[in-house]
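Using the sequences plus the hints, can you model the full thing?
Here is how the chains run, residue by residue.
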Amino acid sequence: MTNNIVVMDNVSKYYGNFCALNKMSFSIKEGEIVGLLGPNGAGKSTAMRIMTCFMPATSGKVTVAGFDTFENPDEVKRNIGYLPETPPLYENMTVLSYLKFAAAIHEIPQKEIASRVGYVIERLGLNEVKRKIIANLSKGYKQRVGLAQAIIHKPKLLILDEPTVGLDPKQIIEIRTLIKSLAGEHTVILSSHILSEVSMTCGRVIIIKEGMKIAEDTVLHLEQTAQSEHRYNIKLILPKDFDFQAETASLASFSLENAVQEDRLLFLKANFENEGDYDIFFNKLTSKGVVFREVTPYKPTLEEVFISLTSSDGKEND
Amino acid sequence: MGKLKSVVLKELEAYFFSPVAYVVFAIFLSITGYFFYVIVSMNKFAMMLPIFDNMAALLMFALPLLTMKLINEERNNGTFELLLTTPLSPATIILGKFIACMVVVTVLLALTLHYPCLLKTYAPELDMGPIWSGYFGLWLLSAAFTAVGIFASSVTGTQVTAAILSFAILLFFQLISLASHFMDTYLGEVISSMSLLQNFFLFTRGILATGNIIYFVTFTFIWLFISVRILESEAWR
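Quick mapping for you: the protein sequence lines, in order, are chains Y and P. Per the numbering used here, the first sequence runs over residues 1 to 318. Per the numbering used here, the second sequence runs over residues 1001 to 1237.
You may find that some hints are simply not true.
Stated by the list, open to error - Here are the in silico distance ranges between beta carbons for each label pair:
{"#": "1", "chain 1": "Y", "residue 1": "Lys29", "chain 2": "P", "residue 2": "Asn1076", "range": "33 to 41 Å"}
{"#": "2", "chain 1": "P", "residue 1": "Tyr1122", "chain 2": "Y", "residue 2": "Gly118", "range": "33 to 41 Å"}
{"#": "3", "chain 1": "Y", "residue 1": "Pro56", "chain 2": "P", "residue 2": "Leu1118", "range": "27 to 35 Å"}
{"#": "4", "chain 1": "P", "residue 1": "Gly1002", "chain 2": "Y", "residue 2": "Tyr119", "range": "33 to 41 Å"}
{"#": "5", "chain 1": "P", "residue 1": "Thr1106", "chain 2": "Y", "residue 2": "Gly118", "range": "54 to 62 Å"}
{"#": "6", "chain 1": "P", "residue 1": "Glu1125", "chain 2": "Y", "residue 2": "Leu96", "range": "49 to 57 Å"}
{"#": "7", "chain 1": "Y", "residue 1": "Lys29", "chain 2": "P", "residue 2": "Leu1111", "range": "45 to 53 Å"}
{"#": "8", "chain 1": "Y", "residue 1": "Pro56", "chain 2": "P", "residue 2": "Thr1218", "range": "30 to 38 Å"}
{"#": "9", "chain 1": "P", "residue 1": "Ile1207", "chain 2": "Y", "residue 2": "Gly118", "range": "34 to 42 Å"}
As the list claims (entries may be wrong) - Covered by chain P, per the in silico footprint, the following chain Y stretches (three or more residues, Cβ under 8 Å):
{"#": "10", "region": "80-90"}
{"#": "11", "region": "93-102"}
{"#": "12", "region": "105-113"}
{"#": "13", "region": "284-296"}
Since the hints were derived computationally from the structure, they do not count as laboratory data. We treat Cβ as the ideally placed atom computed from N, Cα and C, and that holds for glycine.
Rendered as structure tokens:
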């Protein structure tokens, strides 16, 4: 067996006539943290549900931890921990009895249940609430109980469907830190429609739209590819009676996206065609006595990458 | 085995930590108590037979209420995704829920045991045979009702529709006992012999007929089997 823990091979899923996944193929290596990224309804949850054997694919082959989801679902289920979009909690149970139940149905031997439950309670910081009824817990704690359930049987693969949706910023940071810390022990695949989310936790991103994979790359590389031009945010202090327009007219290889002048202060957002053009721009202006106060290379956010990828793809299809 | 036990325990916890079981118990026991008092004080006979008939009718209302949330609540809460993504088989889920409900019903029936004890105190020659067989009959009847309730809960989206559907199915299987009155043929006999009431009748008279027992076991099995199949097909819909 290779060290691919998930292999999706040409997987399609139809709900009636509606195509939720269209010939999707990707693979995930052991130890990775991979983000499934896409707008709502893109097919993220469907892809995850197929991996967890919750529903079968219409066509194609899915292998998880070396087992086929169709032929060997029980073996697949033994190797995965799954946190659906809404944490699957029994509201009228206490955290402790819920986790004991989760441990038992995940086939943890009777005599190890207590120690495993104790471990996940410690690990996810549930000690204060372990005797509380789940219905009375905050959303953040509920999410943690859901996570505890997913890791209780030490699965090789953790599948987390929108793990931070509906949480407040503090809880989001907590859950994010937890997921990162779990990454050492499990391969993690998480879905999100929030890009900053994915860029902060995942090493690799698979972007899907309308059931199709439109990009698959490392977060770093995706940002670089979208950065086709050299863009800078520049803050200048101009000498008295300096005509910026006239002085820079000879420099053809740059364009201004935005320019705001306040007295002698000038804020620019500039695009340079080639890397060296900025140096020429800099030398020319400094020789005229312009002072450069701030220069920041402007990196596109994943949001922009995402929009450019999803919209250009849309055009190709039309 | 461990998995089945944990499903049963989880369901029992759900029953006894929510008010439904207590409300059903309270209503069932107060109505049974009222009937016991009225029937015995009017008839002046030391017999459980009319009370068993009343209890059978009451169970027809009580069990749809006890079973209505068993499956569709899991579906609505998203806990189905937990159950079906663990190595837990649909058969274990259904069987676990069935056993848990039967434990609850057994407790409910056991809580009425003081009525025969009361009769025995005042009528020491009371024949306990028909009473034990009557209780056994009630227990089998409850198993059949529970199986129908689980089926109804697995095909409906809300608890109210589940309760209404299971009540309708049970009512149908009670009413077909009247078929022999309308159809003076062999077919009428066959149809009415399929009714729950007809098969319960002999138990209260102290007769344990193999045919009746097989009827209840088969009836229960069929509805549970259909429910298992519904859960298995869940993913394909």
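Cross-check of the supplied hints:
Checked against the hint of 33 to 41 Å, the pair lysine 29 of chain Y and asparagine 1076 of chain P passes, with Cβ atoms roughly 37 Å apart. Between tyrosine 1122 of chain P and glycine 118 of chain Y the beta carbon distance is about 56 Å. The supplied range of 33 to 41 Å is therefore violated. The supplied range of 27 to 35 Å is broken by proline 56 of chain Y and leucine 1118 of chain P, whose beta-carbon atoms lie about 58 Å from each other. Our hint of 33 to 41 Å for glycine 1002 of chain P and tyrosine 119 of chain Y is violated, since their Cβ atoms are close to 19 Å apart.
The hinted range of 54 to 62 Å is not satisfied by threonine 1106 of chain P and glycine 118 of chain Y, whose Cβ atoms lie roughly 34 Å apart. Between glutamate 1125 of chain P and leucine 96 of chain Y the CB atoms are about 53 Å apart, so this pair conforms to the stated range of 49 to 57 Å. Between lysine 29 of chain Y and leucine 1111 of chain P, the C-beta spacing of about 60 Å breaks the proposed range 45 to 53 Å. Taking the beta carbon of each, proline 56 of chain Y and threonine 1218 of chain P are about 32 Å apart, inside 30 to 38 Å as hinted.
Taking 34 to 42 Å as the suggested C-beta distance range, the pair isoleucine 1207 of chain P and glycine 118 of chain Y does not conform, at roughly 55 Å. Given as covered by chain P, the region 80-90 of chain Y passes the check, having 9 residues with a CB less than 8 Å from a CB of that chain where 3 are the minimum. Coverage of a stretch by a chain is defined here by at least three residues with a beta carbon nearer than 8 Å to that chain's beta carbons; for the region 93-102 of chain Y and chain P the count is 5, and the condition holds. Judged by the Cβ-Cβ criterion of 8 Å, the region 105-113 of chain Y is covered by chain P as claimed, because 5 of its residues qualify and three suffice.
Residues of the region 284-296 of chain Y with a Cβ under 8 Å from some Cβ of chain P number 0, which does not satisfy the need for three, so the listed coverage is violated.
In the structure shown, a violation is registered for the earlier hints numbered 2, 3, 4, 5, 7, 9, 13, in ascending order.
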